[in-house]
Amino acid sequence: MIAGQLKPEQFDGYPPEAKRLATSHIALLRQLPLGFLPLLLKELIVYDWKFPAERKELDKQFTYLASLSPAQFDREMSSFSGLRLSPELENFDWINKPGIFSEQLSAHLWATHQIDTFRAAAVGYVHKVNASERHEPLPLPRLGIVLVGRGVTASKHPLFRKLRPQGVYFKQVNADNAHKQLMELLDERAQAHPLAFGHWYIDGSTSDTQFHSGVTCVSYASLQSVRTVLVDKIEKAYESGMGSEALRTMLAEMRPEALGSKALSGDLILDRFQISLLTEGSGTQIYSTTFVQWAAREALRRAQPLTLFARFAPRQRERSMKEVLAGTLLTPGLDPEGSLIDADMGAYYTWLNQQRLSGSGESRFLVWFEDHNEVLAIGPEVARGAELDRPIVFEEILKQIA
Amino acid sequence: MRTATGAAAAGSLFGLAPLRAHALPKGRKAVVVTFGGGARDEETFMPEGQENIPHLLNELIPRATFFTQVVNRGILGHYVATASLATGVYETFNNFAAVPPDNPTVFEYFRKDLKRPAFDTWVVAPSNGFNRIGESDNRSYGAGLGAGVILPKRLLASALAPGEGNKYDHLLRDNYETPLYAPQLSGNGIELHELAEVMKLSVADFVVHAKTLDSPDELSVYIARQLMRQLAPSLLWITLHDIDVAHAGAYSLYINGIQRSDRLCAEIWRAIESEPEYAGKTTMFILPDFGRDSDTDAGGNGFQHHRTGDQLSRTTWMMVLGPGIRENVVVDRPVQSTDLVPTLGGLFGFQAKFSQGRPLTEVL
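Protein sequences, first through last, are from chains V and B.
Start counting the first sequence at 33; every next residue gets the next number (our numbering).
Start counting the second sequence at 485; every next residue gets the next number (our numbering).
One or more hints might be untrue.
[As the list claims (entries may be wrong)] If you want the footprint, here are the derived chain B segments under chain V, 3+ residues with CB under 8 Å:
hint: 1; stretch: 698-709
hint: 2; stretch: 770-782
[Claimed, not checked] When the alpha-carbon atoms are kept at most 25 Å apart in a straight line, the in silico SDA-like pairs for lysine to any residue are as follows:
hint: 3; chain 1: B; residue 1: 837; chain 2: V; residue 2: 111
hint: 4; chain 1: V; residue 1: 212; chain 2: V; residue 2: 428
hint: 5; chain 1: V; residue 1: 129; chain 2: V; residue 2: 354
hint: 6; chain 1: V; residue 1: 188; chain 2: B; residue 2: 846
hint: 7; chain 1: V; residue 1: 74; chain 2: V; residue 2: 111
hint: 8; chain 1: V; residue 1: 39; chain 2: V; residue 2: 106
hint: 9; chain 1: V; residue 1: 354; chain 2: B; residue 2: 755
hint: 10; chain 1: V; residue 1: 268; chain 2: B; residue 2: 644
hint: 11; chain 1: V; residue 1: 194; chain 2: B; residue 2: 714
hint: 12; chain 1: V; residue 1: 431; chain 2: V; residue 2: 414
hint: 13; chain 1: V; residue 1: 265; chain 2: B; residue 2: 729
hint: 14; chain 1: B; residue 1: 765; chain 2: B; residue 2: 846
hint: 15; chain 1: V; residue 1: 431; chain 2: V; residue 2: 211
hint: 16; chain 1: V; residue 1: 188; chain 2: B; residue 2: 525
It should be emphasised that the hints constitute simulated quantities derived from the structure, not laboratory data.
Here a beta-carbon is modelled for each residue, glycine too, at the ideal position from N, C-alpha and C.
Chain V on its own, in the form it takes in the complex (with noise of 0.2 Å):
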């Protein structure tokens, strides 16, 4: 298939407001190379349960494109054109399933050395794309939100290393309510900022709490057959001697309803998202450490919410090979000495993908070793390098970034 002879009709597989977005475009997509065309289409092709600001995203992108004056688009484009591509790849049917195409084009690119120009090529056009759009002031400031070492009763771990170079270290707070005061503000934010999928809470656990509507909810704990069954999938796969190639295939080509779960949330844009987190996400099926920080990850990069609140909960222990021999421990227990250092660090790789969104000179962030007395608070009206032993009420904390 070449991209020039593109026709309406090869998009009638496509959703419907993918399709018409496609048709809408078509002499664009005609004249784009191969080597970025079906990249291009797999976004497209999922544009029916994509996040509002991920449709603004990849809206952004057609803009883009379309500025262009024929030499600035043959600038732009001569790095992918450029690019070498196989036999087995162009004639691949890259309309209709452009994410296979995008794994075999991956392979294809490591194998040929040619992995470094697209991979600059890329960063580059993505760089170009943000620039050419006026970002409008957001509604408030983001704010991030992270509770750590639930579970934890003492630590030696020194906590929030890497962050504390970006705001201020507080090691005697007096969190008492603290966590309802959190939620509070969640819910606050919400209410006074009402936005479609414009406010997280991500639980590694079960998330009990209610809250006013506009809080778009995910937990480890509901997903729980979910996971069952997808890890029954894969032991299934693993017997029949599917290769890894073909799993990854089967796994992010899996719908809700082949899981099981014809209605997670009844929202179809969350269901597919939370599957997404358990098909594309590595390590999310079994640590809830690594599904709280991924989840978090993957709302921050899709959804580009104003509050984001990640609350992480104690994972299963690894088991050791002695133990596995043994035959004991076959429901592991829980590790939360362990979870608190992947949540620690899952609270920083929260901060840095804040802070890759608009408004990330005016974001705040805050995370608290839950129920202990350090809290660490990040701010443009806060210090950064700072720390602080006095005692001090959470409340204060608030006032600073809230």
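Take the given structure of chain V and dock chain B to it, following the hints.
Relative to the frame of chain V, chain B by itself:
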């Protein structure tokens, strides 16, 4: 050690002596330890990571020449990258396929050029995917000229009682990049019945010992030590893999893997120093196959994977120690991971004809 304790007599009863390698000129030996799960500088030699590697830092580095920039320009998948380390060529085969390297391995150069017997070079590798790493399909080398390959986890699975295997499936899932990986095995990997014959290790003893260990890498080092005692190969290659648990996304487990690798490297060095066949004539190379993604690259997820191809994921380190190696020396110039094979060639006196790398003169 066995000679010193009188065990050599028992060994000879079991036909051990004929399997021993003939002495090379000067009796030189080399042990290569790779981490088949990339480790980042941040968690190892950068100031914040040094707490994870007390043995490398305090025991081995003072005795080593340390290369601070070892760049891997190839595919960042563990099997293909380890194969590239072993051939000195950036191999381009599918990382998830059970195929031999395209180019001759260091083991083939070693055996063919130096006319070494099969039992003089061994690979102890973590997983099924590495079973073809011992020899290439290069026409001039290849079949019959490679190293023996031992996959301890596979041996363990074979040794367990029938029906028990399913309980230990996850131990066999040898590539953390995917939940599954079980390629069809072929090649010259050692099988269970050979374990007893080659290493004088009963299956029962092997299983009993395995049940005292915490991780597959500890099992690999146990097997390596058996090889050193029984066969004393001149070229021994050990690939550790526990670090690659990082793909599961749990930072504490990744750190545990680094700390265990650090401890095991020191154990291997102590074994070298304590085994009469090795002491004073063995050069040890330690290097990760590559790094992992940086925290700041939006395309990755930090330590979890090695998918971006960014500079951090491509750059790692190597330490070399042993007789004649300058101690406490740091080499800051960039070198490549493909330089390992020609360096081993310079050490042993073989010609790595197909290698793309260059001998590291600092350790020759």
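Exercise for the section: May I ask which of the numbered hints given earlier this structure violates, with the numbers listed in increasing order? Expected result: 3, 5, 6 and 11
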